[in-house]
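Protein chains in written order, with the numbering used here: chain B, 1 to 111; chain C, 1 to 114.
Please keep in mind that the hints were generated in silico from the structure rather than gathered at the bench.
Being a predicted model, the structure only gives us computed values, none of them experimental.
Check before you lean on any hint, since a few could be wrong.
To be verified - Within a straight-line C-alpha distance of at most 20 angstroms, the following computed SDA-like cross-link-like pairs (lysine to any residue) qualify:
(1) B/LYS56 to C/ASP101
(2) C/LYS57 to B/GLY94
(3) B/LYS57 to C/ARG67
(4) B/LYS56 to C/THR102
(5) C/LYS57 to B/LYS57
(6) C/LYS57 to C/ARG67
(7) C/LYS57 to B/GLY95
(8) C/LYS57 to B/PRO91
(9) C/LYS57 to B/THR100
(10) B/LYS57 to B/THR77
(11) B/LYS56 to B/HIS75
(12) C/LYS57 to B/TYR97
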Amino acid sequence: TQLLEQSPQFLSIQEGENLTVYCNSSSVFSSLQWYRQEPGEGPVLLVTVVTGGEVKKLKRLTFQFGDARKDSSLHITAAQPGDTGLYLCAPPAGGSYIPTFGRGTSLIVHP
Amino acid sequence: KAGVTQTPRYLIKTRGQQVTLSCSPISGHRSVSWYQQTPGQGLQFLFEYFSETQRNKGNFPGRFSGRQFSNSRSEMNVSTLELGDSALYLCASSTSGSSTDTQYFGPGTRLTVL
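So here's chain C without its partners, still in its complex pose (with noise of 0.2 angstroms):
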């Protein structure tokens, strides 16, 4: 089975720049989570997508969304781009999202904010 794909893996933008990051979960996978990870944060939730449907979010702001297709694959929006964006973007999948479910990450997507 393959594991979970992330595009692109690195990602130079400008501040108040857009991007658009992708994510393909494992087959079979209907729970998507999002992460942002960086040094000073650590690893920290953006939000859970199930079934096209946004089901838990993170404290984030709303320059932050998302949004998962019917084939489970899930893509994440950063609308004007902030120095503090700069970090590695993370999205994990399980069957179901259920607390006994395994979450497998992807390899993330390393963006940089200029």
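Chain B with its partners taken away, still in its complex shape (with noise of 0.2 angstroms):
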């Protein structure tokens, strides 16, 4: 099994903030997968890092691939309300492999 670490747990800050949460393994990945799930809702995939390296920009949301694939950070820049979410990162399922998903990062953006 592949672990990976998220931090922080949670985070609680106003709209405008800027903020980054980790995601950290002691495992290489081919790639890796982050998910925002919002209240009462199940997890939707935002974005996949595949190189070492790589950094991928989504509107106000910026992930970054660590060099070695062992870790992942997403970046939020000027936070908004509709941001409210859990954070999950997971290298992607399929095969033989057993889906890992970290903990999770709880993002709440005040108004």
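Using the hints, put the two chains back together into the complex; each one sits in its own frame.
Have a look at this one:
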């Protein structure tokens, strides 16, 4: 089992602030995915990062995959209340691999 | 395209009872996976079905079982419920269950065991 540690566990910020959340492991991944889960809903895939050192931008969200492909970060610029949710990281599920998710970072953005 | 639907959305049971949860995948998707989500353990994989066959299984006791029908709809069953089974049960579907597929999650069934 590949363990993923996400930090911080909880984050409560005001609208307009910037933030970064982290996903770390001792294992090397071929790729990593980030999901956002809003209250009362299932997780929704945001992005898949594939190449070590890769940076992907999705509007105000910037995802980075570590050079060694063991860690990833998500940076949100000028957070909005609509960014509120649980952010989860995981390697893509598939084949005989047992899907493993990090515990997530619970983000609340106050207006 | 309709998303993944799960029924019921909420369920209250007592210890010792059994429960069946249902998942209808996105049309055309043949892989269905089930997950248990709790505050303490996070999102944990239960099992995956593809073409009516269980293809992968997580580390859960035999009280947790599932099946998939020819139309790809899936059910999971939990027998002899325990308090610790209280959780959000999520199902996710994808085209073939390949690591290059995108998993689409349903809204979940919130199970409370009293």
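Results for each hint:
1. B/LYS56 to C/ASP101: Within the cut-off at roughly 19 angstroms; holds.
2. C/LYS57 to B/GLY94: 12 angstroms, holds
3. B/LYS57 to C/ARG67: Status violated; Cα separation ~39 angstroms.
4. B/LYS56 to C/THR102: 17 angstroms, holds
5. C/LYS57 to B/LYS57: Roughly 34 angstroms separates the two Cα atoms, so the pair is violated.
6. C/LYS57 to C/ARG67: 12 angstroms, holds
7. C/LYS57 to B/GLY95: Measuring from Cα to Cα gives roughly 11 angstroms; hence the hint holds.
8. C/LYS57 to B/PRO91: Satisfied, since the Cα-Cα distance of roughly 17 angstroms is no more than 20 angstroms.
9. C/LYS57 to B/THR100: 12 angstroms, holds
10. B/LYS57 to B/THR77: 11 angstroms, holds
11. B/LYS56 to B/HIS75: 10 angstroms, holds
12. C/LYS57 to B/TYR97: Holds: C/LYS57 and B/TYR97 sit about 10 angstroms apart, inside 20 angstroms.
Of the numbered hints stated above, those contradicted by the structure are hints 3 and 5, listed in ascending order.
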